[in-house]
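Just so you know, the sequences run in chain order W and B.
Take the first sequence: its position 291, counting from 1, is numbered 291 in my numbering, and each next residue is one higher.
Take the second sequence: its position 302, counting from 1, is numbered 302 in my numbering, and each next residue is one higher.
There could be a bad hint or two in this list.
What the hints assert, rightly or not - Restricting the straight-line Cα-Cα distance to at most 25 angstroms, the calculated cross-link-like pairs of lysine-lysine (PhoX-like) are: (1) W:Lys52 with B:Lys251; (2) W:Lys57 with B:Lys86; (3) B:Lys57 with W:Lys57; (4) B:Lys52 with W:Lys57; (5) W:Lys296 with W:Lys286; (6) W:Lys52 with B:Lys148; (7) B:Lys251 with W:Lys31; (8) W:Lys31 with B:Lys86; (9) B:Lys23 with W:Lys251; (10) W:Lys23 with B:Lys296; (11) W:Lys86 with B:Lys31; (12) B:Lys148 with B:Lys57; (13) B:Lys148 with W:Lys275; (14) B:Lys275 with W:Lys52; (15) W:Lys251 with B:Lys31; (16) B:Lys86 with W:Lys275; (17) W:Lys23 with B:Lys251; (18) W:Lys164 with B:Lys23.
Unchecked claim - Here chain W is said to cover these stretches of chain B; the calculated rule only asks that three of the stretch's residues, wherever they fall, bring their Cβ under 8 angstroms from a Cβ of chain W: (19) 12-19; (20) 97-107; (21) 284-294; (22) 319-329.
Hints in this document: simulated from the structure, not taken from any laboratory.
Small disclaimer: the values here were computed from a predicted structure and weren't measured.
Backbone N, C-alpha and C fix where the C-beta goes; we use that ideal spot for every residue, glycine too.
Number of protein chains: 2
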Amino acid sequence: MLIFREEIAITSPIRFVRDDILKLTPYMPSKESCDIKLDANESPYDVPIEIKERIWKRLQDEHFNYYYDPSCDELRESLSRYTGVKPDQIFVGSGGDEIINDIIMAFAGPDRDVIIPAPTFSSYEIFATVAGSNVIITPIVREQKYGKEIWDLNTQQIKKHFTKDEPQLMFLCYPNNPTGDYFDEEKVIDLINNFNGIVAVDEAYFEFGGKTFTDRLSDYPHVIVIRTFSKIFSLAGLRVGYAIGHEDIIKQLYKVKLPYNVSLFSQIAAVEILKEMDWFKNTQSKFIKAREQLKKGLETINGLKVYPSSTNFFLCELEKCRDMVYEELLKRGILTRCLGDDALKNTLRFCIGTPEQNEILLSYLREIMS
Amino acid sequence: MLIFREEIAITSPIRFVRDDILKLTPYMPSKESCDIKLDANESPYDVPIEIKERIWKRLQDEHFNYYYDPSCDELRESLSRYTGVKPDQIFVGSGGDEIINDIIMAFAGPDRDVIIPAPTFSSYEIFATVAGSNVIITPIVREQKYGKEIWDLNTQQIKKHFTKDEPQLMFLCYPNNPTGDYFDEEKVIDLINNFNGIVAVDEAYFEFGGKTFTDRLSDYPHVIVIRTFSKIFSLAGLRVGYAIGHEDIIKQLYKVKLPYNVSLFSQIAAVEILKEMDWFKNTQSKFIKAREQLKKGLETINGLKVYPSSTNFFLCELEKCRDMVYEELLKRGILTRCLGDDALKNTLRFCIGTPEQNEILLSYLREIMS
Chain W
1 MLIFREEIAI TSPIRFVRDD ILKLTPYMPS KESCDIKLDA NESPYDVPIE IKERIWKRLQ
61 DEHFNYYYDP SCDELRESLS RYTGVKPDQI FVGSGGDEII NDIIMAFAGP DRDVIIPAPT
121 FSSYEIFATV AGSNVIITPI VREQKYGKEI WDLNTQQIKK HFTKDEPQLM FLCYPNNPTG
181 DYFDEEKVID LINNFNGIVA VDEAYFEFGG KTFTDRLSDY PHVIVIRTFS KIFSLAGLRV
241 GYAIGHEDII KQLYKVKLPY NVSLFSQIAA VEILKEMDWF KNTQSKFIKA REQLKKGLET
301 INGLKVYPSS TNFFLCELEK CRDMVYEELL KRGILTRCLG DDALKNTLRF CIGTPEQNEI
361 LLSYLREIMS
Chain B
1 MLIFREEIAI TSPIRFVRDD ILKLTPYMPS KESCDIKLDA NESPYDVPIE IKERIWKRLQ
61 DEHFNYYYDP SCDELRESLS RYTGVKPDQI FVGSGGDEII NDIIMAFAGP DRDVIIPAPT
121 FSSYEIFATV AGSNVIITPI VREQKYGKEI WDLNTQQIKK HFTKDEPQLM FLCYPNNPTG
181 DYFDEEKVID LINNFNGIVA VDEAYFEFGG KTFTDRLSDY PHVIVIRTFS KIFSLAGLRV
241 GYAIGHEDII KQLYKVKLPY NVSLFSQIAA VEILKEMDWF KNTQSKFIKA REQLKKGLET
301 INGLKVYPSS TNFFLCELEK CRDMVYEELL KRGILTRCLG DDALKNTLRF CIGTPEQNEI
361 LLSYLREIMS
């Protein structure tokens with residue numbers, strides 16, 4: 001609901017709210033109850049109880065009453081081994097969300113331009129708006145490639161917004177959420193080469209697709225990579241994300257973060273989960289296999305077009321009314337996601353569940369779409 | 001170290017940093033190792049192991065892999081019982097720090113004035129600077145009251161900065177950190193009555209002093225109270241804080257917060273600790289008793305003047321060089337805090353430890369000050 005300042009009673013404290021905040025709608029994820037939760041790109045696999053117990057074994061001896069390490073030293077050491085970059089090139093935050101926000105505060109903030117090729121992850125636009133940045137949304141486009149319809153960048157359109165005088169910030173979600181796949185690599189590199197500012201490459205879904213810019217940072221010191229423990233590592237509830245970049249860039253993020261941004265529990269949980277590489281690899285191969293199977297199944301459903309995915313979710317174009325499909329799935333206990341973007345008005349997004357969940361999804365979709 | 005933009009090499013990615021961020025020094029708490037940690041106003045009492053185990057009993061059955069409640073419903077219900085206000089008047093964040101930051105983003109942000117009577121808690125100034133707000137620092141003053149020297153507000157000076165056209169934001173730390181006691185209540189109310197904006201009353205130390213504005217919010221709908229689990233509740237490592245205010249004001253904070261700002265572990269830990277009211281009351285009375293005893297001891301030390309405290313720490317004025325006293329205490333294993341403010345250049349701040357820790361502190365202080 002839009003509130004206009006003139007309509008606010010003189011006695012209401014709302015009159016003290018910033019104009020640009022007054023207009024915003026709060027981001028509130030669905031609280032629908034369901035049997036199978038496929039709306040938020042989470043992993044369907046909880047952390048196994050034996051790993052939970054190892055986390056607890058460490059936690060119970062820690063002091064809850066003291067503020068915990070503000071620079072996440074132990075976790076950065078573990079991440080250094082996992083990613084192959086130096087600890088000083090790593091910054092840890094409270095989920096990918098905080099990383100995105102801190103990048104905006106350090107490199108954009110009031111009045112600077114933030115370029116966002118969209119549809120994409122909605123936090124970029126929301127946080128940049130709250131920061132008072134000048135948000136520039138440039139539409140991504142549907143293209144034919146190798147006989148398939150894919151979503152890609154329109155580099156010519158994007159470059160029209162590049163300035164050579166004032167530094168800017170650009171977000172590239174790679175692979176892109178909610179469309180599901182990588183943008184063309186040459187186009188991404190062309191944009192990076194021509195940009196006068198920081199390029200934040202969001203690799204939240206890295207472990208499902210494998211492409212990364214972390215090994216090319218010496219060529220692109222103005223690139224910051226964003227990663228998360230919320231997807232393949234099954235720690236969405238714990239809020240841990242990290243950034244990888246040039247040491248000098250990483251140092252700036254410490255200036256804008258909250259002093260104790262990552263809780264004791266979250267730091268320890270992330271350190272412990274990184275020791276579980278067998279579990280991790282096993283989970284990873286389960287996902288890759290399930291993705292292939294789910295894709296094959298989806299391709300047999302009439303009136304449903306599935307876009308390629310290098311993530312743990314699929315975006316599908318529907319010939320039937322997508323709100324109807326969403327509701328019918330929900331009635332049957334499956335929660336999926338309708339995106340608000342105009343370009344996605346006929347699409348539905350759902351993440352990859354367990355093989356059993358995927359079979360149920362497929363059978364309901366067949367039923368609803370027939 | 002100050003870096004000037006002209007000195008930055010054209011190849012360095014630092015040239016993309018915001019000017020006002022480039023100038024900032026990151027807030028990095030002391031990492032000195034010590035036997036007795038009295039520098040950060042934490043509780044010396046860890047959460048007892050039986051309460052830790054009750055927290056874990058709940059946690060092990062929760063899904064680590066799903067994002068957890070973005071509106072902290074269960075915790076707001078518990079807090080409603082603890083504080084006596086309605087759940088809709090409560091907003092939960094990742095420590096008092098996030099609450100402060102969200103208040104700044106909703107009600108100040110780029111170019112609006114943030115008035116901060118100081119010396120006070122440093123986060124107000126840091127976060128307001130990062131937000132691009134216009135920070136107005138107004139000095140608090142030393143006054144004689146009932147034959148004692150105290151720190152109080154200079155309302156005349158502060159009011160000179162009040163505008164009647166543009167809304168503003170003002171922080172009042174009540175009781176004030178690092179000076180330790182409440183400002184005069186009539187002065188606070190006079191400022192609140194005359195201010196055209198939001199007054200954020202930081203009650204982080206409420207449980208050590210007992211005064212609050214939460215029961216006067218119907219008179220002052222433009223007041224937001226800030227509280228924390230980091231002090232008396234011994235959960236500093238877990239990052240949970242909350243705001244209490246008018247429902248319409250509280251709603252705005254949901255627009256600027258990170259979507260999943262408080263982790264699963266932290267929400268559950270706070271819910272469980274609020275069930276432990278016997279432990280809480282026992283801890284509270286231990287603090288009150290220890291504060292009296294420590295104060296009596298401090299008053300017998302020559303060359304040391306102790307300011308009144310309604311918190312869990314003391315600020316002391318020293319006749320000897322305070323950096324020397326700090327270093328001598330550190331050599332003996334006790335970590336205290338030197339504040340950077342000019343007005344506090346002869347002072348040392350330390351929090352109240354266990355009775356045993358306080359005795360050790362007193363004996364070392366006697367030795368060093370003699």
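Take the C-alpha atoms of Lys86 (chain B) and Lys275 (chain W), compute the straight-line distance between them, and say whether it is at most 25 angstroms.
-> Distance of about 44 angstroms is beyond 25 angstroms: violated.
Could you grab the alpha-carbon distance between Lys23 (chain W) and Lys296 (chain B) and see if it respects the 25 angstroms cut-off?
-> violated, 55 angstroms
Between Lys31 (chain W) and Lys86 (chain B), is the straight-line Cα distance small enough, at 25 angstroms or below?
-> holds, 21 angstroms
For the stretch 319-329 of chain B, do at least 3 residues have a Cβ located nearer than 8 angstroms to some Cβ of chain W?
-> With 0 residues in contact (Cβ-Cβ under 8 angstroms with chain W), the coverage given for the stretch 319-329 of chain B is violated.
Pair hint Lys164 (chain W) and Lys23 (chain B), alpha-carbon separation not exceeding 25 angstroms = The hint holds at about 23 angstroms.
Given the proposed pairing of Lys52 (chain W) with Lys251 (chain B), does the C-alpha separation stay at or below 25 angstroms?
-> Given pair Lys52 (chain W), Lys251 (chain B) is violated - Cα atoms ~35 angstroms apart, limit 25 angstroms.
Regarding the pair Lys251 (chain B) and Lys31 (chain W), is the alpha-carbon distance no greater than 25 angstroms?
-> Since the Cα atoms of Lys251 (chain B) and Lys31 (chain W) sit roughly 18 angstroms apart, the hinted pair holds (cutoff 25 angstroms).
Three residues minimum, CB to CB under 8 angstroms: does the stretch 284-294 of chain B make the cut for coverage by chain W? Let me know.
-> violated (count 0)
Below or equal to 25 angstroms on CA atoms is what counts here, so check Lys23 (chain W) against Lys251 (chain B).
-> Answer holds: Lys23 (chain W) to Lys251 (chain B) is near 12 angstroms, not above 25 angstroms.
Holds or violated: Lys296 (chain W) with Lys286 (chain W), Cα cutoff 25 angstroms?
-> holds, 16 angstroms
Would you check the hint for Lys251 (chain W) and Lys31 (chain B), treating anything up to 25 angstroms between C-alpha atoms as holding?
-> Holds, because 18 angstroms separates the two Cα atoms, which is no more than 25 angstroms.
Do the alpha carbons of Lys52 (chain W) and Lys148 (chain B) lie within 25 angstroms of each other, as the hint requires?
-> violated, 54 angstroms
Consistency note: the structure conflicts with the earlier hints numbered 1, 2, 6, 10, 12, 13, 16, 21 and 22.
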